[in-house]
Amino acid sequence: MLFALCALAGLLVVVTLFDLLYQLAGDATPAISRFGLGFLGHTTWKPGFNIEGAGALIYGTAVSSALALVLATPLGIAIGLYLSMVASPRVRATVGPLVEMLAAVPSIIYGFWGLVVLVPFVDHLEPGLHDALGFIPLFGAPSTIGISVLSAGIVLTVMILPIISALSRDLFLTVPEELKDGAAALGATRWEIIRGIVLPSTASGVGAAVVLGLGRALGEAIAVSFVIGDVNAIHLSVLQPGSTLAERIANQFQGALNNLHVAAMFYCGLILVVIGMLTSIAARAIASRFDVNRTLGGGVL
Amino acid sequence: MTAGDRTGDGVPSDHGPPGRVRLRTESTPRSATPPSINGGGPEPTRAVVFDIRDMAVYYGQNCALADTSLKVYRNLVTAVIGPSGCGKSTFIRSLNRMNDAILGFRLEGRVLYHGHDLYGSGANRVEVRRRIGMVFQKPNPFPKSIYDNVAWAPRNLGMKHRLDERVEQALRQAALWEEVKDRLRDSALGLSGGQQQRLCIARAIAIEPDVLLLDEPASALDPVATASIEDLMHDLKHRFTIVIVTHNMQQAARVADRTAFFSLDITGPARFGTLIEYGDTETIFRGASDSRTRDYVAGRFG
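Residue numbers (the numbering used here), protein chains in the order written: chain R, 941 to 1241; chain U, 17 to 318.
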């Protein structure tokens, strides 16, 4: 009886997932039948003229998430290393939970913070960035008020940082003390131990943590909608406003002009779910490679 | 001298080599000279590698080891024996500062290494370990290839010149080369326990240390692997000074030139490990001056 209940609960997950996909696809049908797969590449978004394409949204999603990964990966690994290998136990016990609490902050709060604190700061930062790195197309002429893809990238960085740092810290703590002692007994410095022993033996796990962070960044709607501007344009420069798939839905669903507009946003949602599933599969694949290493390692790792 | 003498009853023999004349002191009245810790035979005339003076080790409030003074001589195998909890591991791990990472670790007294205080303000922990290598109880090869296990530390230290030769040399010295020469790129984790331990020895000697500390290196191995490690030590002592901790008295008798017996001091309220007696292995096993040493080597406790 109990087992049947558990099986039912498991079944519920599967049913929910498939129903979700089914409903999304159903509600998106008007847009799918009208725009087809061309929706993915088309960059115009004019609901008033019944023309919608997700090209700019996909681009904005990719760029803002990539920015977040580029910033959060080294920072998160550094925090993980600090908390697992450098900090005293007291610092570890204080800062560790704080990092995890960062993950518990609701995304709407990150949106507020982004708008009130980050955007004005980025507004001051951007002219300098442009002057120094303007020769790289990524840092073209800035928008005037700090609302930009860069701001979105930074907000996302803060949001995925706790995922990457907490997971990588836990991974670094799984490296056996014997291995670190063995390396130390060979006259290795702490940094040599980290680079030569700790990072290589946890690399795939850290990779999976990064992909999990990416999954969160790709799907974030509210916080991004506060700082990115919802401008349907593809700019090489991250100092310009832009838009992402999730953010577009959050911004426009309430005031949708017509059924096609709504269907186009469901289509965006469908794309988002598929991307999310792909990242989840990727994380799983990377992590299972890690598991294979473990079993091959004869339990040493 | 035959094997019979090794397993003999310890009766002094006039036919022994000069090195064993000291056994005669057993039959002479002992009261003439009060037994001292370093009473086991004459001091070797070799260079002193470690001069340990009044070493005491604390972990927080707990004293793990106290009143320990001894000298470790160059190119000899020095064994540290004693019952569990007598501070053997604490002692050997203090010789290359492996205890530093343990919370609350504190060392009193002095550990002089070729006259330099290992715990002095000028001593660099990383440099200390580079000269004083260590092999642990449990084989701990890195999850890398056999080659990279040996080459890792030399690379770190910039010894990249003729690295292949260095790796081969180290593996040969560790008596592992013939077994692994065709699969240097394979994972070290695929080796047997005994091979892994010899790999760890190869890894340690690849950076040409001065001293090898072996902390119960054979305790996790089968008798055949143990024998190969012991054979190895006879060869290695010509190039390195070796200190080995072992709970296996026969092993100490087989491999060591000098033996230090540690035990728990239970005379006071606090229990801590301490050096009871130190001398030539023959003396410790056949004519120890302290009754606790005699009881231990006779297998009456421990």
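Honestly, I wouldn't trust all of these hints.
Straight-line C-alpha distance at most 25 Å; calculated PhoX-like pairs for lysine-lysine [stated by the list, open to error]:
id, chain 1, residue 1, chain 2, residue 2
1, U, Lys160, R, Lys1120
2, U, Lys87, R, Lys1120
3, U, Lys154, U, Lys176
4, R, Lys1120, U, Lys176
Calculated from the structure, these hints are not laboratory results.
Tested hints:
1. U:Lys160 x R:Lys1120: Answer holds: Lys160 (chain U) to Lys1120 (chain R) is near 14 Å, not above 25 Å.
2. U:Lys87 x R:Lys1120: Violated: Lys87 (chain U) and Lys1120 (chain R) sit about 29 Å apart, past 25 Å.
3. U:Lys154 x U:Lys176: violated (29 Å)
4. R:Lys1120 x U:Lys176: holds (22 Å)
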